[in-house]
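Since chain D is already given, all that's left is putting chain A on it; use the hints.
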Amino acid sequence: MNIPYTRQTLDNGLDVLVHEDHGCPIVAVNLWYHVGSKNETPGRTGFAHLFEHLMFEGSQHYDKGYFHPLQEAGGLLNGSTNADRTNYWEVVPTNALELALWMESDRMGYLLPALTDAKFANQRDVVLNERRQNYENRPYGFAGMAVMAALYPEDHPYHWMTIGAAEDIQAAHIDDVRAFFQTYYRPRNASLALAGDVDTAQAVELAARYFGELDGGDEPTPVHAPPVVEFGSEQRLVLEDRVELPRLYLSWHSPSIFAADDAELDLVAEILSGGKTSRLYRTLVYQERLATEVAASQSSRELGGYFQIIVTAAPGRTLAELDRAIGVAIDVLANEGPTLDEMERCQAQAEANFIFRLQTVGGFGGKSDQLNAYNVFVGDPGFFERDLDRYRRVTAASVQRVARAWLQPERRVLLSVVPGGRNDLALAGSQPVSVS
Amino acid sequence: MRVDRARLPALGADPSLRFPEIRRRTLSNGLRVCTVEHHAVPLVSFLALMPVGASVDPIDRPGLAAITSDMLDEGCGDLDAMALHDTLGRIGGHLDSEIGSDATILTLSSLARFADRASGLLADMVIRPRLEALDFQRVRELRLNRLIQLRDLAPALADRAFARLLYRDHPYGHTPLGTEESLQSVTLSEVRAFHGAKFAPAHATVIAAGDATHDALAASVEAAFGGWSAPGSGAPPDPALWTLPGPPDDRIVIVNRPAAAQSELRIGHIGVPRRTPDYHALLVLNIVLGGQFVSRINMNLREDKGYTYGARTSFDFRRGAGPFSVTASVQSDVTIEAVIEALNELQAIRGDRPVTAAELQTGRAALTRGYPRNFETAEQVSRGAAQLALYDLPDDYFSTFVPKVLAVDEAAVTNVAQRYIDPARLVTVIVGDREKVAPGVARLNMGTPAELTSTFEPWIGR
Numbered sequence: 006m007n008i009p010y011t012r013q014t015l016d017n018g019l020d021v022l023v024h025e026d027h028g029c030p031i032v033a034v035n036l037w038y039h040v041g042s043k044n045e046t047p048g049r050t051g052f053a054h055l056f057e058h059l060m061f062e063g064s065q066h067y068d069k070g071y072f073h074p075l076q077e078a079g080g081l082l083n084g085s086t087n088a089d090r091t092n093y094w095e096v097v098p099t100n101a102l103e104l105a106l107w108m109e110s111d112r113m114g115y116l117l118p119a120l121t122d123a124k125f126a127n128q129r130d131v132v133l134n135e136r137r138q139n140y141e142n143r144p145y146g147f148a149g150m151a152v153m154a155a156l157y158p159e160d161h162p163y164h165w166m167t168i169g170a171a172e173d174i175q176a177a178h179i180d181d182v183r184a185f186f187q188t189y190y191r192p193r194n195a196s197l198a199l200a201g202d203v204d205t206a207q208a209v210e211l212a213a214r215y216f217g218e219l220d221g222g223d224e225p226t227p228v229h230a231p232p233v234v235e236f237g238s239e240q241r242l243v244l245e246d247r248v249e250l251p252r253l254y255l256s257w258h259s260p261s262i263f264a265a266d267d268a269e270l271d272l273v274a275e276i277l278s279g280g281k282t283s284r285l286y287r288t289l290v291y292q293e294r295l296a297t298e299v300a301a302s303q304s305s306r307e308l309g310g311y312f313q314i315i316v317t318a319a320p321g322r323t324l325a326e327l328d329r330a331i332g333v334a335i336d337v338l339a340n341e342g343p344t345l346d347e348m349e350r351c352q353a354q355a356e357a358n359f360i361f362r363l364q365t366v367g368g369f370g371g372k373s374d375q376l377n378a379y380n381v382f383v384g385d386p387g388f389f390e391r392d393l394d395r396y397r398r399v400t401a402a403s404v405q406r407v408a409r410a411w412l413q414p415e416r417r418v419l420l421s422v423v424p425g426g427r428n429d430l431a432l433a434g435s436q437p438v439s440v441s
Numbered sequence: 025m026r027v028d029r030a031r032l033p034a035l036g037a038d039p040s041l042r043f044p045e046i047r048r049r050t051l052s053n054g055l056r057v058c059t060v061e062h063h064a065v066p067l068v069s070f071l072a073l074m075p076v077g078a079s080v081d082p083i084d085r086p087g088l089a090a091i092t093s094d095m096l097d098e099g100c101g102d103l104d105a106m107a108l109h110d111t112l113g114r115i116g117g118h119l120d121s122e123i124g125s126d127a128t129i130l131t132l133s134s135l136a137r138f139a140d141r142a143s144g145l146l147a148d149m150v151i152r153p154r155l156e157a158l159d160f161q162r163v164r165e166l167r168l169n170r171l172i173q174l175r176d177l178a179p180a181l182a183d184r185a186f187a188r189l190l191y192r193d194h195p196y197g198h199t200p201l202g203t204e205e206s207l208q209s210v211t212l213s214e215v216r217a218f219h220g221a222k223f224a225p226a227h228a229t230v231i232a233a234g235d236a237t238h239d240a241l242a243a244s245v246e247a248a249f250g251g252w253s254a255p256g257s258g259a260p261p262d263p264a265l266w267t268l269p270g271p272p273d274d275r276i277v278i279v280n281r282p283a284a285a286q287s288e289l290r291i292g293h294i295g296v297p298r299r300t301p302d303y304h305a306l307l308v309l310n311i312v313l314g315g316q317f318v319s320r321i322n323m324n325l326r327e328d329k330g331y332t333y334g335a336r337t338s339f340d341f342r343r344g345a346g347p348f349s350v351t352a353s354v355q356s357d358v359t360i361e362a363v364i365e366a367l368n369e370l371q372a373i374r375g376d377r378p379v380t381a382a383e384l385q386t387g388r389a390a391l392t393r394g395y396p397r398n399f400e401t402a403e404q405v406s407r408g409a410a411q412l413a414l415y416d417l418p419d420d421y422f423s424t425f426v427p428k429v430l431a432v433d434e435a436a437v438t439n440v441a442q443r444y445i446d447p448a449r450l451v452t453v454i455v456g457d458r459e460k461v462a463p464g465v466a467r468l469n470m471g472t473p474a475e476l477t478s479t480f481e482p483w484i485g486r
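Taken in sequence, the protein lines are chains D and A.
Take this note's numbering: the final residue in the first sequence is number 441, and no numbers are missing along the way.
Take this note's numbering: the final residue in the second sequence is number 486, and no numbers are missing along the way.
FYI, nobody ran anything at the bench for these hints, they're computed from the structure.
Certain hints may be false.
To be verified - Dumping the calculated DSS-like pairs for lysine-lysine here, alpha-carbon to alpha-carbon at most 30 angstroms:
#, chain 1, residue 1, chain 2, residue 2
1, D, K124, D, K69
2, A, K329, A, K428
3, A, K329, D, K69
4, D, K69, A, K460
5, A, K428, D, K124
Okay, chain D solo, but in the shape it has when bound (with noise of 0.2 angstroms):
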């Protein structure tokens, strides 16, 4: 799998990566901050997303929303922040181009003119609502949020959720996005990907010129994690939410982003979740049907991942029956490893997946993204090929290890989440944790 791509790093440090791509006439930006919650502070939480929402308030040369000429011109846009990174992306017909370039690099280089006290309220206000639409009133909400508090020291930037405390959002105050913005939103933090129909010469150039303005800023401070200290025995906790069905989560403490370990613990979660024939859905659903839903999954970041696995309860049947077959299954797996059969399967899967995710030029996912994540992740935009070898490589033996090595039973936290009032339908001796 092989996307060509050219990389070019302006006088200020800022990376342009271009990607052609002649399907379709249409090109994808994607520009990646490297700044996401893990730069924020206890007390501060939620403020990297909040910021990201005034980055489509308009900036000092175009100051009247930044959404209405790109729209106009035919482009979808959107942003996302994760603990990690911020990332705004256009996907626009190719003769607006050089609009989204212009449009971008204007509010990289001059948002804070543009900013006033009025829309830092009015999307302060929209934040909240969008926790409230996303998290407070969605069942099992605020899971998330448990587990990472559980996972993570307070001190660790993990400890918190992208989406932040309430309170936090409500006390977050403009100056904090002048700081911000000076701190991070600089070229040198920065790196701009551009997939589709496009002359690669004429692409670099375009970037240069309405980039190569800016002042380049400093590289800022890597972030401190302080190590994780396990627990070395199980954590159990409840927490009540407006549910109909018992639902457990169990995590645990996993390889970063393309560590070691990292791809095999994918390939886990695959063997344990992934499609009717996988292990927990096959006997918890289909066979028991002590479950109604069941799903693994391997999340890495860049300062550690988590394993998780969440299970929901049949009517009628308890977590504590989830808890024991998850046990066993994990227990085969790490005794047994998995057959040749599965292996097969798992690996074909995670074949078409990584091809799935190539299909399109850009927006949420899409080649631009993934060069981007490419080159931050690992400095390398072209590491399709040995990203798909990480998979390739992975053996019957080195998933039996892995699951052996990382999945232990005193390593995991175990977060019930039950029906308002129904403590007793947690698993024994949890301890009750609140969220808001």
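Chain A alone, transformed into the frame defined by chain D:
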């Protein structure tokens, strides 16, 4: 060259779009087959469209079409469910099953080297599902559990209440998942009879797209589906024969969700079918009113007031008249204010503040210049071709889209706003905290609200 930041750069000429070629043929059993070559990545996808949706559920069996479609991958041909999914895994398969009001769509994508295996498996699922008792009991139980869980999901409650309020016993009056009562009574023999009567080649379409030649894709479909014969005709229902209900007695409904952080809103009425000659004018109206970020509703409720994370409008175009609606989730304290603002926008675009030349330009340009994006992947092209088949649209539909949108003027937008948005018929569904919402409802002049629980008492059981 120094950047000129005094003005935005000019766009220049719009690029020309080379539409992917769709080749059509009809097999001897009546099955329509479309093929599309797309060589960007080594994948193929096969899409089977049956014009069999929730609208053909028997009146006492809401959910029958959906549970039937859910049974298709529970074993087929020589394979039981586990063997089928094992095979799907080995070919890098991604199976997607979608059931709507008008159609069942099954899409199987796989690595291109397994194209024949993929089309064969899709055919087995569509033509020869095993429909066995043990699988049926499990699937039914899972669907009942899903219905239970949806009681806590505000958007699902709102959609269900809104459909029921607008359409009552009309074929669009229930969501595909159906009701607990119906799922508890449905039997496997009903599912078998439904599949036998409704799944047939004469009105189905298979679309093959991806990294292979037209001939290879067509041969693969013919080998898999050519032998399909079925007793039923599979003819879709004629929506013209359905009687549309009049405006409901209750114009406002509150589904009580005590202490909810937000109110989930649906405001609207019955809209218009997909084949309306006013389709392109309605698209322009909608994109100005609530179809994209810079639309009036979102700029008002989100960017001006901060009441919500986002608000939008849509005409849900179906074979029959689908709903027109405003959708938003708003902060509980400002629920009534948000409804009033939304109602004002619906009123204003009909005359007090008709679409402006600038809005028209923005809206038309967003639709036409953005059009090429819909043809990037094989799956997008397949889905586009499926729309043509489902709504009986002409083969030149894609190539006439842009000129037809550009022909829409201000008068046409105002005209369709006046004809297809009727303030007197609008109904409002609020899923939220009754104690916070109810006191202000009188300000809406929509009468006394009907109040429901999350299990739809007292609607259910009356």
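Hint check:
no.	hint	verdict
1	K124/D with K69/D	holds, 11 angstroms
2	K329/A with K428/A	violated, 35 angstroms
3	K329/A with K69/D	holds, 16 angstroms
4	K69/D with K460/A	violated, 35 angstroms
5	K428/A with K124/D	violated, 38 angstroms
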